[in-house]
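Trainee: Below, each chain spelled out in residue letters.
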Amino acid sequence: MDQSKIRNFCIIAHIDHGKSTLADRLLERTGTLSHRQMAEQVLDSMDLEREKGITIKAAAARMKYVAPDGEEFEFNLIDTPGHVDFAYEVSRSLAACEGALLVVDASQGIEAQTLANVYLAMNQDLTLIPVLNKIDLPHAEPLRVAQELERVVGFSQDEIILASAKEGKGVDEILSAIAGRIPPPKGNPDAPVQALIFDSKYDAYKGVLAYVRVFNGELKGRDPLKLMQTDVTFDPLEFGAFMPVMRPLPMLHCGEVGYVATGLKDVAECRVGDTITLAAHAASEALPGYRAVKPMVFAGIYPTDSDEYQDLREALSRLALNDASLVYEPESSAALGFGFRCGFLGLLHLEIVSERLEREYGLSLLTTAPSVEYRVILTTGEEAAIDNPSQLPDPSRIGEILEPWAKIDVITPSRYIGQVMELVTTRRGQFMRMEYLEPESEMAQGEARVLLEYEIPMGEILVNFYDQLKGSTSGYASLDYHLLEYRAANLVKVDVLVNGQAVDALSLITYSGNASREGRVLVSKLRELIPRQMFDVPIQAAVGGRVIARETIRAVRKNVLAKCYGGDITRKRKLLEKQAEGKKRMKMVGNVEIPQEAFMAVLKLRDD
Amino acid sequence: MSLGVYIHIPFCVLKCGYCDFNTYANLESLKLPYASALIADLESWSDVLGAADVHSISFGGGTPGEFPAHDLVRTVQAARRLAAVTSEAEISLEANPGTTGEAGLRQLAAGGFNRVSFGAQSFDPLELRFLDRVHSPGAITASVANARAAGFGSVGLDLIYGLPGQSLDAWLRSLRSAVALRPEHLSCYALTVEEGTPLGLAVQRGRIPDPDPDSAATMYEATEEFLNAAGYRHYEISNWALPGHESRHNRTYWDGGDYAGIGAGAHGFIGGERFENIAHPRTYIAAAGSGEGTARPFVANSYVPARATAISDWFETRLRLVEGVDIRSFEVEFRSTIDTVIGAALDQCVGYGLLARDGHQLRLTPRGRLLHSEVCARVLAHLQSQDSARRPLE
Ligand SMILES: Nc1nc2c(ncn2[C@@H]2O[C@H](COP(=O)(O)OP(=O)(O)OP(=O)(O)O)[C@@H](O)[C@H]2O)c(=O)[nH]1
Ligand code: SF4
Ligand SMILES: [Mg+2]
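The listed protein sequences derive, respectively, from chains A and B. The numbers in this note's numbering rise by one with no breaks, and the one at position 283 of the first sequence is 283. The numbers in this note's numbering rise by one with no breaks, and the one at position 323 of the second sequence is 323.
What the hints contain is simulated information worked out from the structure, not anything from laboratory work. Check the hints yourself; a few may be wrong.
Stated by the list, open to error - Listed below are several chain B residues computed to face chain A (Cβ distance under 8 Å; list not exhaustive): (1) Thr192; (2) Ser312; (3) Glu316; (4) Leu370; (5) Leu380; (6) Gln384.
What the hints assert, rightly or not - Derived DSSO-like pairs (lysine-lysine); straight-line CA-CA distance at most 30 Å: (7) B:Lys15 to A:Lys574; (8) A:Lys206 to A:Lys220; (9) A:Lys584 to A:Lys604; (10) A:Lys5 to A:Lys226; (11) A:Lys578 to B:Lys15; (12) B:Lys31 to B:Lys15; (13) A:Lys572 to B:Lys15; (14) A:Lys226 to A:Lys265; (15) A:Lys584 to A:Lys572.
Note that CB positions come from ideal geometry on N, CA and C, so glycine has one too.
Next comes chain A alone, as it looks inside the complex (with noise of 0.2 Å):
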């Protein structure tokens, strides 16, 4: 294909508001999908995704756009997530392109992750191509939202299309606006290879297929290739593109985006943010690549059946390479035997991994409560990181403890104001600025949307904190989070002792003023989510050896099945294999057996 007329652009968007609908439209007008080959957003492909109705991989695709005036043009599509955790697949997405759709729904406005979608497009000095989508709801108010686009981001009205991705409007307008605005990839086709690799899946037969925008020259031959930071060497097995099913081709050219099967079978060899040159003619310098992610949240992930420990790895292994985002490393616990400490942007990501590499790799796992990560300075002057509590050292040793602070910007109409105020005063944040993204003359009162700045403790946003925010607006707010600073406070580690014996995986960091009152939840959460056992069990909660909490759960005294009705054993049968499989799903921690989600109670200290 000429090079001139090859486009490659994401689609960005705040979560819902249409994007994977519009890819749909865009891949039907085009043909590239034929009407029984269409599903609704049938580039979330993922069984998680179609559950959950979200995206959450970015998805390619390739299609053929006949202009009106019979211009021929290839267009390279990688649709993306809206979610904040999945911020990072946007901004590797982005790097393969020339411009972006921004997704705007009409009945929203602008909200948290279209602007900070705008801002990573922008630093990557994308065309934008503002679409008005959802014009077909009745309470869509396109103008408004138009205005809004104007003063916010500096777009002219006559800049943005107005849509409905699920009626199919302004879908020719879109595809002709992609062909004149979006400019072609620049790049030589005659220089050394270099194509920097966006994202990787793995195969069984062909090992890592790595999804790459070729940057200069051309992909095509069995000549060796390589990957220039780690110096590895490969035979290409098959080139080809997304249509959007993977589709061999005989090569890749200039400007394109396409995948590479480099039969590679060791995943740590073949990173996303690497280039791909040629061995024997390599391009002097590698592609600029990614900026590593840094993940908010670590949790602890184990087998339930400490058999599968290795199959854990692999899977983390292997799905990781699917999930540039995610980090992981060994770790052990008293309680949970070994495992592994994974690293996530968010709890979204944190629940939507356990759940791929459950449901992927058939794996059992036991999930413990998320932490951010801590720094401690040491007496001694040394410093730590802490991302599991159970390591926090001795008080004696601990000079300071510094806590992540993050900076958050919350979008809601000024009637909730106040609201937002409180929720986040209570969680000790710090209010830093608010800007109108309206005039609030021209609007009715408490109308008219405003973005708020606040400061705050990353901690205090893990849990509910998204969850409370929605309920105390009515739904309406939307928030973006990123990494400020590291901050000293007062916090101390609450332990947690079942039947006596402390369990590492309960215990939690907290700011110290809160400390008696989370223990005191956190034991009767424990109380209602362990199941009572053979004996009498206490629960207990301690700062530094002095017990804040107690509580027993008593032994059970009755668990009979009534008679078996006329010999028909079958019933019973299958009310013991309940049983018998939730005791398999139970950890045991001495001779207690605690069940999954008790590894989560901190999850609901914030509950109430």
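Since the structure of chain A is provided, determine the placement of chain B with the ligands on it from the hints.
Mentor: Below, chain B with the ligands alone, put in the same frame as chain A:
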């Protein structure tokens, strides 16, 4: 082979709110064709029956007591025609108080029935209403008297305890009233809230509180003490009898003996194979006509349980007996010692005071009788984890 025969009568006047048995109200019109289907069902087992000594025939339900007496008798006669029913065989039915009159009971006794058990459930009118029972406490007394007058040598009563909000005293009052009638047999079951029943729904919606397992446990312990003192022998978790009046038929289940299951949804266990009949009476009756060519037209499903299941079933049933089980019988059946197969799980249960071993005998402790499922679930979990350990790695 010595065989028990279970015959299911899936009809009730009213469906009780807690009941999830395979039984139906308002299917009266099916009773006549059903009676013929039962005989066809028995005949379909003529090969097995012809080679067996039948030691018990038990009509359960549903409410067999409301089924026409001459049809019950006719069914017993068919069994006698097909099998050698021993002279001392136990021939029993379940009935609801007040629904089977003296004449009917006489007819049954004349037809060979020697045992009847009444679904008394409670002697408290309010509790009976809660359970959707249509009879009065007085009807229980009358029914027991009628059965005796008709010549039944073994009369049993079924009682339910652990109703939501029921006090220990209230339960003991019912129990005392029952014992005052000197039934030869007593079954006391804790109310189980079954999913999908009207009671289950009411509990789920919070309209009725969940029965409290701890107070049910207290009632159970009081029951054991009271009935012991009254001269009843506790022989199975929920069953007590005067000496010589244990239920032969039910013991067949607990001893792992063979039994045929006749009737809609009935279950059988013959020569290590389990059988399950077509559940709905209408489909069951229809199978009688279409039976040509199929050896067992009424059987919906049959299978030989896998080893782990068979072992788990072995525990589930044998351990229900208060006397326990001789573990050498495990070795005979499964060709390995009990300790190699599930020693660790048993040791754990012994440690928790749920099981006791003396010599070759293994049985539940008094505390273990209330925690039978804990023992069985541990055994099963242990068996399953061994199974998965043995599975070759992919
Ligand atoms: N009425 C209306 N609904 C739409 C339109 N476009 C998308 N939707 C609906 O909006 C919801 C979200 O659509 P998606 O396409 O999954 O949104 P998304 O931006 O890809 O979401 P994430 O990938 O999770 O961030 C779905 O229920 C769509 O059916 C539209 O033009 N009109
Ligand atoms: S009488 Fe017995 S079988 Fe019939 S519905 Fe009531 S409890 Fe169930
Ligand atoms: Mg999407």
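Trainee: Would you mind marking each hint as holding or not holding in the structure?
Mentor: Taking the hints in turn, this is what the structure says about them:
For B:Thr192, the interface hint holds, since its Cβ comes within 8 Å of a Cβ in chain A; the closest pair sits about 5 Å apart. A least Cβ separation of about 7 Å between B:Ser312 and chain A falls short of the 8 Å threshold, and the interface hint therefore holds. Because the closest C-beta pair between B:Glu316 and chain A is about 6 Å apart, less than 8 Å, the hint holds. Restraint check, B:Leu370 versus chain A: the minimum CB separation of about 5 Å is within 8 Å; hint holds.
Annotation: interface hint on B:Leu380 holds; nearest CB of chain A at approximately 4 Å, less than 8 Å. The closest approach between the C-beta of B:Gln384 and any C-beta of chain A is roughly 6 Å, which is under the 8 Å cut-off, so the hint is satisfied. Taking the CA atoms of B:Lys15 and A:Lys574, the gap is near 24 Å; set against the 30 Å cutoff, the hint holds. Simply put, A:Lys206 and A:Lys220 have alpha-carbon atoms about 17 Å apart, close enough for the 30 Å limit, and the pair holds.
The straight-line distance between the Cα atoms of A:Lys584 and A:Lys604 is roughly 24 Å, inside the 30 Å bound, and the hint therefore holds. Straight-line distance between C-alpha atoms of A:Lys5 and A:Lys226 comes to about 28 Å, which keeps the hinted pair within the 30 Å bound. Of the supplied pair hints, the one linking A:Lys578 and B:Lys15 holds, its CA atoms being roughly 27 Å apart against a limit of 30 Å. In summary, the hint linking B:Lys31 to B:Lys15 is supported, as the alpha carbons are separated by about 16 Å, within the 30 Å threshold.
In summary, the hint linking A:Lys572 to B:Lys15 is supported, as the alpha carbons are separated by about 22 Å, within the 30 Å threshold. This hinted pair checks out: A:Lys226 and A:Lys265 have alpha carbons roughly 15 Å apart, not beyond 30 Å. Restraint check for A:Lys584 and A:Lys572: satisfied, since their Cα atoms lie roughly 18 Å apart, inside the 30 Å limit.
Violation of the numbered hints given earlier is absent; every hint is satisfied by the structure.
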